[in-house]
Amino acid sequence: MHGEMPGFFPGRPGGEHDEPLLDMILERRPIPPGASPEFHGLARMLAAVAGPAEPGDLAGQDAAHAAFTRLASRPGTSHAALRSARRSLSERPARGRLPLAAALAVAAAGLGSTAAAFAGVLPSPIQHFAHETIGAPPPPHVASPRPLTVASSPMPRHPRPSDTGSRQPVASPDPVSDKTHRGPLSAHGRKGHGAVPVRATCVPALGEDRGWAVGDTQNPPWPSPVPSQLKPGVTQSPTPSGPSQNRASPGSLPFPWPLPLATKGCPAGTTPYQETHASGR
Amino acid sequence: MIGGAFGVTLANARTGDEAAFACIFHDVQPALLRYLRVITAEPEDVAGETWIQVVTGLRRFRGGEQDFRAWLFAIARNRAADAGRSRHRRPVVPLDMTEAAQHPTAADAADQALEAVSTQATMELIKSLPREQAEIIMLRVVAGLDAGDVAKIVGKTPGAVRVAAHRGLRRLAGQVEQAGVTL
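Protein chains in written order, with my numbering: chain A, 19 to 299; chain B, 2 to 184.
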């Protein structure tokens, strides 16, 4: 113990009084001649260790010079720079992937939303917003209560329970029908629009940009047929007197053409939903 | 130590002057190798890696000769630590090393110091010290760094560095006294 820490035991040789001497040895200064022989020997030993180079002390000189020639003589080129560049290159795809994916997702969402807005399949509030901002078709429930002009549909329809009989609102498993019956359109109807069709839809007439024709609630907005597909005997009511007047009587129009659509139902310059929107306010 | 010409030498080395770099290398390499021989089993390899890092960072270095040496020895210590970690991950122990480890190093080093007064023998004597004391003595005496720089390198206070250096020197002096030889 004492041999381990002689400096902590001042009574022993080599106690704390030797610290200035030790500092002189550490700083490679000459020690006083009166110092003990072991300190003189120690000083000589350390001076030899810190002395000039011996053979073998310059090992690696060629490699160091080669590294210096290769790296230091080329400005801007260093191991750190190369390593950093390598690292950044390896991380760039990972770093760039996230913003790219986010941008693609936003673009896809935007395009999809726009397409959905113009297809008229968005929920009513969003569709209304899209209608006001980007000119998309209005939501179905704000369609005009104007006389429903019907056009023939080029696509045959399969019979649905609500299409048959007296057209009374019946519970339908069709979620579209249910939605239309429950939606705010019913409120519109109760507020003085009379028997507004549950879902009035304008479809573009052939050759027109915005020639929306108002169809029946149960009719999806089929594309307008060519004139030859129009069925004769279609009744069109100029006044909104109720759903029953907006469609052909069950007996007059054979199934699956229960609700022929007018090819030019919307007046020029106006669209039904615009009028409805105005009248609803 | 290069002394007053160090600034010019370093500036020339930064511009790619090989003679200037050789001057710095010749000045520092002996002390670097001796220091590394005390703290690592692969002094030449670690010294090579140290110089590569020094060369790559030479343009960014700012400071005098003392700062340069402190910077270089700090790099060497870090590289030695890396080499030690790498060696621990894939341990390779030669048979002669295993046999040597079974003998007390201090006695062996002291015997060597008695037999011949040489740098190598003194290095072995210093290596017989506890690692921290040996490293601090090498940095103070061989590298020529002051207590403050050594404290930064080894992560201790200057006071702790001084105490450790004194203990190491006393221990060395005790070994010399035990041997009864005045070197």
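These are computed hints drawn from the structure, not numbers from a lab.
Check the hints yourself; a few may be wrong.
[Stated by the list, open to error] Covered by chain A, according to a simulated footprint, are these stretches of chain B (three or more residues, beta-carbon under 8 Å):
1) 17 to 31
2) 36 to 43
3) 64 to 71
4) 139 to 146
Just so you know, even glycine gets a beta-carbon here, dropped at the ideal spot from N, CA and C.
Evaluated hints:
| no. | hint | verdict |
| --- | --- | --- |
| 1 | 17 to 31 | holds (count 8) |
| 2 | 36 to 43 | violated (count 0) |
| 3 | 64 to 71 | violated (count 0) |
| 4 | 139 to 146 | holds (count 5) |
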